[in-house]
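Asker: Respectively, the protein sequence lines represent chains A and B. Residues in the first sequence are numbered consecutively from 42, following our numbering. Residues in the second sequence are numbered consecutively from 42, following our numbering.
Simulated from the structure, these hints should not be mistaken for lab results. Be careful, since some hints might not be right.
Where chains are identical, the list cannot tell them apart; a pair therefore holds if satisfied intra-copy or between any two copies.
[Unchecked claim] Derived BS3-like pairs (lysine-lysine); straight-line CA-CA distance at most 25 Å: (1) 116 x 208; (2) 110 x 234; (3) 291 x 302; (4) 234 x 116; (5) 128 x 228; (6) 291 x 309; (7) 115 x 309; (8) 110 x 60; (9) 362 x 213; (10) 110 x 228; (11) 115 x 291; (12) 191 x 234; (13) 309 x 156; (14) 284 x 228; (15) 228 x 115; (16) 234 x 208.
Number of protein chains: 2
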Amino acid sequence: MKIAVDAMGGDHAPQEIIKGVEQARDLYPDIEFDLYGTQEQVAPLIENHERLQLIATTETIEMGEEPVKAIRTKKDSSIVRAATAVKNGDADAFFSAGNTGAVLAAGLFIVGRIKGIDRPGLTSVLPVANPTTSQQNFVYLDTGANAESKEKNLVQFAYLGKFYAQKVLKVKEPRIALLNNGAEEDKGDRMHKAVWQLLHDDPALKFVGNVEATELLVGKADVVVTDGWSGNAALKATEGTAKMMLSLIKHGILNGGLRAKLGYLLLKPVFSQIGEVMGTSNYGGAVLLGLKAPVVKTHGSSKADAVKNTISQIHEMLTTKVIDETVTHFGVVDQPKDVDNSSQNG
Amino acid sequence: MKIAVDAMGGDHAPQEIIKGVEQARDLYPDIEFDLYGTQEQVAPLIENHERLQLIATTETIEMGEEPVKAIRTKKDSSIVRAATAVKNGDADAFFSAGNTGAVLAAGLFIVGRIKGIDRPGLTSVLPVANPTTSQQNFVYLDTGANAESKEKNLVQFAYLGKFYAQKVLKVKEPRIALLNNGAEEDKGDRMHKAVWQLLHDDPALKFVGNVEATELLVGKADVVVTDGWSGNAALKATEGTAKMMLSLIKHGILNGGLRAKLGYLLLKPVFSQIGEVMGTSNYGGAVLLGLKAPVVKTHGSSKADAVKNTISQIHEMLTTKVIDETVTHFGVVDQPKDVDNSSQNG
Numbered sequence: 042m043k044i045a046v047d048a049m050g051g052d053h054a055p056q057e058i059i060k061g062v063e064q065a066r067d068l069y070p071d072i073e074f075d076l077y078g079t080q081e082q083v084a085p086l087i088e089n090h091e092r093l094q095l096i097a098t099t100e101t102i103e104m105g106e107e108p109v110k111a112i113r114t115k116k117d118s119s120i121v122r123a124a125t126a127v128k129n130g131d132a133d134a135f136f137s138a139g140n141t142g143a144v145l146a147a148g149l150f151i152v153g154r155i156k157g158i159d160r161p162g163l164t165s166v167l168p169v170a171n172p173t174t175s176q177q178n179f180v181y182l183d184t185g186a187n188a189e190s191k192e193k194n195l196v197q198f199a200y201l202g203k204f205y206a207q208k209v210l211k212v213k214e215p216r217i218a219l220l221n222n223g224a225e226e227d228k229g230d231r232m233h234k235a236v237w238q239l240l241h242d243d244p245a246l247k248f249v250g251n252v253e254a255t256e257l258l259v260g261k262a263d264v265v266v267t268d269g270w271s272g273n274a275a276l277k278a279t280e281g282t283a284k285m286m287l288s289l290i291k292h293g294i295l296n297g298g299l300r301a302k303l304g305y306l307l308l309k310p311v312f313s314q315i316g317e318v319m320g321t322s323n324y325g326g327a328v329l330l331g332l333k334a335p336v337v338k339t340h341g342s343s344k345a346d347a348v349k350n351t352i353s354q355i356h357e358m359l360t361t362k363v364i365d366e367t368v369t370h371f372g373v374v375d376q377p378k379d380v381d382n383s384s385q386n387g
Numbered sequence: 042m043k044i045a046v047d048a049m050g051g052d053h054a055p056q057e058i059i060k061g062v063e064q065a066r067d068l069y070p071d072i073e074f075d076l077y078g079t080q081e082q083v084a085p086l087i088e089n090h091e092r093l094q095l096i097a098t099t100e101t102i103e104m105g106e107e108p109v110k111a112i113r114t115k116k117d118s119s120i121v122r123a124a125t126a127v128k129n130g131d132a133d134a135f136f137s138a139g140n141t142g143a144v145l146a147a148g149l150f151i152v153g154r155i156k157g158i159d160r161p162g163l164t165s166v167l168p169v170a171n172p173t174t175s176q177q178n179f180v181y182l183d184t185g186a187n188a189e190s191k192e193k194n195l196v197q198f199a200y201l202g203k204f205y206a207q208k209v210l211k212v213k214e215p216r217i218a219l220l221n222n223g224a225e226e227d228k229g230d231r232m233h234k235a236v237w238q239l240l241h242d243d244p245a246l247k248f249v250g251n252v253e254a255t256e257l258l259v260g261k262a263d264v265v266v267t268d269g270w271s272g273n274a275a276l277k278a279t280e281g282t283a284k285m286m287l288s289l290i291k292h293g294i295l296n297g298g299l300r301a302k303l304g305y306l307l308l309k310p311v312f313s314q315i316g317e318v319m320g321t322s323n324y325g326g327a328v329l330l331g332l333k334a335p336v337v338k339t340h341g342s343s344k345a346d347a348v349k350n351t352i353s354q355i356h357e358m359l360t361t362k363v364i365d366e367t368v369t370h371f372g373v374v375d376q377p378k379d380v381d382n383s384s385q386n387g
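Could you put the whole structure together from the sequences, leaning on the hints where they help?
Answerer: Structure (structure tokens):
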């Protein structure tokens with residue numbers, strides 16, 4: 042398998058990207074890497090060229106650029122070139138820590154959607170922060186690829202999440218829930234009520250009902266399906282609250298004198314464990330599911346370790362052929378009832 | 042001033058409701074209370090009848106009941122009777138810890154909207170959890186009274202929040218922000234982009250732009266305006282994450298042996314302070330703003346202390362005449378440009 046890597050994207054690119062890629066290369070003998078980036082910046086940083094080649098590009102898409110315009114005009118950028126390699130079959134997956142919008146646009150317009158998927162969903166694996174369960178994580182989509190969604194999009198997200206949970210997280214029969222504004226079945230606006238019904242009536246989905254954002258991290262399901270708008274708000278509020286609480290604790294310790302500092306030292310293992318549960322770098326990158334190949338975006342702040350973990354995730358996606366499962370389902374098997382085939386290529 | 046109290050609503054009703062009301066009565070010599078509840082349950086619990094009378098009712102709306110149906114059929118329930126007293130001018134405000142939907146429905150259909158307000162917004166005062174600022178709290182609406190909102194609703198929420206921040210939180214010129222899926226001005230779906238423009242163009246509002254849910258508790262604004270759908274998701278995710286993190290810490294301490302327990306004892310003041318910042322009972326109840334009188338719903342789990350704090354909040358609303366300010370603005374002053382007057386009574 043070959044992974045096309047955007048070596049230029051991310052706060053610590055290209056150093057940390059290359060470092061992480063080399064670590065992953067040493068870990069997985071079955072992966073080859075094509076690194077897309079400028080000759081002068083990338084070449085000197087490569088330590089070992091085994092199963093790793095630089096493909097020189099001349100342009101870079103910066104973090105602040107308007108995504109669609111950027112991928113249309115910067116044809117020789119690392120993002121566009123890497124995505125094009127996947128499209129042409131020269132690579133099997135695309136990895137980037139760069140401009141999220143540009144990565145999503147390159148995925149959507151260059152790599153392309155699976156037939157039968159109207160809108161891909163940006164997918165994260167999130168931690169279950171519940172000490173009373175052994176469940177460690179769950180699949181959450183759409184985290185914000187689509188600001189506006191329709192019923193059929195959410196049903197497709199349920200299938201995309203199901204296959205991902207089965208193949209990558211090894212959950213035999215994933216429990217699927219819908220993020221809604223109440224737990225009861227009659228909750229939600231018209232759209233969410235309709236989605237509840239569609240998911241509930243689908244015999245191929247193990248639908249366990251609505252889940253509220255208060256219970257997102259409790260581990261009530263293996264896949265939580267949401268529209269990109271509220272999914273984005275809930276995920277960001279989760280991240281923000283975790284961050285603010287840690288900062289309150291830190292501030293309290295720093296201003297609590299010797300007593301608090303001693304308390305911190307004694308509780309350090311507890312805090313480390315929580316940091317590990319809540320930390321982003323252990324959960325890989327965000328996958329734009331619904332495309333013809335794995336397109337995975339990791340945090341802009343990623344260092345080598347997070348890059349390596351995200352490559353592991355891509356390795357698992359390719360090994361388990363999760364995309365093939367999706368293609369087969371949407372291409373051959375019965376489609377969700379409400380898929381409007383006429384708009385597939387719209 | 043007289044407050045109509047639903048003595049029957051809440052997990053600890055009527056005991057804790059009455060206890061909290063009596064505490065507030067002893068604190069504020071200018072408040073009289075009418076307690077609506079059943080003779081046999083409420084009468085024996087009243088310790089002192091000074092400025093406090095029981096108005097006997099025969100029905101109770103339970104937590105699980107369908108709200109609109111309940112207020113239509115249970116005419117002699119504490120919720121319907123208390124709301125009706127406000128409508129008839131027999132009381133100045135309505136307080137309940139009961140069935141949220143029924144309280145909102147009673148507010149909307151019995152107490153009634155202010156002329157010019159299309160949809161009231163459920164409003165919470167939330168903590169700023171940022172140790173680097175002196176700002177302690179901010180106004181957040183709509184937390185979920187409306188599952189579907191239009192542009193004009195959000196502009197009205199901005200005004201409702203502004204008056205509340207000015208009068209109740211004593212912020213002279215409240216900074217107003219819009220909860221959106223990105224900080225930049227071009228972010229959001231069509232609706233949020235349009236709201237951004239309306240708020241930005243309004244010279245009467247000190248609009249400071251978009252705020253993302255990651256920064257909700259950072260204190261970037263005094264009023265955060267949101268549609269009820271994403272506002273609900275972000276608020277619930279915030280509550281859920283805070284709760285899960287505390288439970289992870291607790292679990293870590295309980296399972297960390299003597300060392301962790303000692304560490305906890307030393308850090309106890311830090312945890313108490315965080316508990317105080319993040320705790321719900323210090324911030325009063327949720328106010329359905331946009332109605333002709335204060336209609337305030339406090340957590341179902343409220344004990345006497347939370348009841349007393351919520352009465353303080355109502356006292357402040359009545360003393361500062363925040364509702365009058367709203368009535369004057371929407372009745373006499375220029376209305377936000379996009380208010381569709383024809384639908385006011387719709």
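Asker: Compare the structure with each hint and give your call.
Answerer: Outcome of the hint check:
1. Within a single copy, residue 116 and residue 208 get their C-alpha atoms no closer than 34 Å, and across copies no closer than 56 Å, so neither meets the 25 Å cut-off.
2. Taking the closest pair of Cα atoms, residue 110 and residue 234 come within 25 Å of each other only across two copies (20 Å); inside a single copy the shortest separation is 37 Å, beyond that limit.
3. Taking CA atoms no more than 25 Å apart as the test, residue 291 paired with residue 302 passes in both settings, with 10 Å inside one copy and 19 Å between copies.
4. In this assembly of identical chains, residue 234 and residue 116 lie within 25 Å of each other by CA distance neither inside one copy nor across copies; the values are 43 Å within and 30 Å between.
5. In this assembly of identical chains, the alpha carbons of residue 128 and residue 228 never lie at most 25 Å apart, being 42 Å within a copy and 29 Å across copies at closest.
6. Taking the shortest Cα distances, residue 291 and residue 309 sit within 25 Å of each other both inside one copy (12 Å) and across copies (13 Å).
7. Taking the shortest alpha-carbon separations for residue 115 and residue 309, neither the intra-copy value of 47 Å nor the inter-copy value of 55 Å comes in at or below 25 Å.
8. For a Cα distance limit of 25 Å, the shortest separation of residue 110 from residue 60 qualifies neither inside one copy, at 30 Å, nor across copies, at 63 Å.
9. For a Cα distance limit of 25 Å, the shortest separation of residue 362 from residue 213 inside one copy, 15 Å, qualifies, whereas the shortest one across copies, 60 Å, does not.
10. Taking CA atoms no more than 25 Å apart as the test, residue 110 paired with residue 228 passes between copies only; the shortest distance there is 16 Å, against 40 Å inside one copy.
11. When the C-alpha separation of residue 115 and residue 291 is checked against a cutoff of 25 Å, the pair qualifies neither within a copy, at 43 Å, nor between copies, at 51 Å.
12. When the C-alpha separation of residue 191 and residue 234 is checked against a cutoff of 25 Å, the pair qualifies both within a copy, at 12 Å, and between copies, at 19 Å.
13. Taking the shortest alpha-carbon separations for residue 309 and residue 156, neither the intra-copy value of 50 Å nor the inter-copy value of 57 Å comes in at or below 25 Å.
14. Taking the closest pair of Cα atoms, residue 284 and residue 228 come within 25 Å of each other only across two copies (23 Å); inside a single copy the shortest separation is 30 Å, beyond that limit.
15. In the homo-oligomer, the alpha carbons of residue 228 and residue 115 lie at most 25 Å apart only across protomers (23 Å), although the nearest pairing inside one protomer, at 46 Å, exceeds that limit.
16. Neither within a single protomer nor between protomers do residue 234 and residue 208 lie at most 25 Å apart by alpha-carbon distance, with minima of 29 Å and 39 Å respectively.
Hints 1, 4, 5, 7, 8, 11, 13, 16 from the earlier list are contradicted by this structure; the remaining hints agree with it.
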